[in-house]
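Q: Top to bottom, those sequences are chains A and B.
Numbered as in my numbering, the first sequence ends at 112 without a single skipped number.
Numbered as in my numbering, the second sequence ends at 115 without a single skipped number.
What the hints contain is simulated information worked out from the structure, not anything from laboratory work.
Check each hint, because a few of them may be wrong.
Unchecked claim - Stretches of chain A that chain B covers, calculated by requiring three or more beta carbons in the stretch to come under 8 Å of a beta carbon on chain B:
| id | segment |
| --- | --- |
| 1 | 36-47 |
| 2 | 101-110 |
What the hints assert, rightly or not - These stretches of chain B come out as covered by chain A in the derived footprint (C-beta under 8 Å, 3 or more residues):
| id | segment |
| --- | --- |
| 3 | 43-55 |
| 4 | 102-108 |
Note that the Cβ used here is the ideal one computed from N, Cα and C, for glycine as well.
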Amino acid sequence: NAGVTQTPKFQVLKTGQSMTLQCAQDMNHEYMSWYRQDPGMGLRLIHYSVGAGITDQGEVPNGYNVSRSTTEDFPLRLLSAAPSQTSVYFCASSSTGVDEQFFGPGTRLTVL
Amino acid sequence: AQKVTQAQTEISVVEKEDVTLDCVYETRDTTYYLFWYKQPPSGELVFLIRRNSFDEQNEISGRYSWNFQKSTSSFNFTITASQVVDSAVYFCALSEFNAGNMLTFGGGTRLMVKP
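Can you build the whole structure from these sequences, using the hints too?
A: Spelled out as structure tokens, the structure:
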């Protein structure tokens, strides 16, 4: 099992560019989430999904879009990157909404 | 709204000392789950424990122990005889039963264990 995988590991964008952060899991988990980690602020939930075709907003959704067309994949799209989106992004999955979440290795994004 | 507070931003101890990391939470739900995760310098997030709101028994796993007290809304984590490998950022987190997959994290406590 690869668990939760994320690509890329590092990315540098210019302000206004768009990109997609990829996340995949091979554990057949229904629940998937995206978090961002900023210094001193812990992890904050961006968007989450409770199953294929179902997504919802978390605490900090502005500037991000998600979709969940399959159980395995949960991509995060930055529509028009801004310096405030410089952060480390983690994807996570779990079998239910209250189980242990398995985290991917993270993507370090810098927006210039 | 759910909230998790880890008042200690940084703790420094010498190897073999015991150390307690504090976690205080707020929730209106009667059914909720509390978690601790470890983030070593390599950056990955490692699950340590999950506790539901109906189970106030303390838990011990090797050098790690957790004290859950609903009366004070606290879920503290103690490392006994700390080791250099325990150096990491530790996060406490809360999930309400009816909140889907919305895990709320505290700001984290950076633990530095010196030899």
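Q: State whether the coverage of the segment 36-47 of chain A by chain B holds or is violated, taking the criterion as 3 or more residues with Cβ-Cβ distances under 8 Å.
A: holds (count 6)
Q: Just to make sure I understand the rule, a stretch counts as covered if three or more of its residues have a C-beta closer than 8 Å to a C-beta of the chain. Does the segment 102-108 of chain B meet that for chain A?
A: Result for this restraint: holds, n = 7.
Q: Please check whether the segment 101-110 of chain A has three or more residues whose CB lies within less than 8 Å of a CB on chain B.
A: holds (count 5)
Q: Using C-beta distances, would you say chain A covers the segment 43-55 of chain B, given that this needs three or more residues below 8 Å?
A: With 6 residues in contact (Cβ-Cβ under 8 Å with chain A), the coverage given for the segment 43-55 of chain B holds.
This entry satisfies every hint, going by the numbered hints stated previously.
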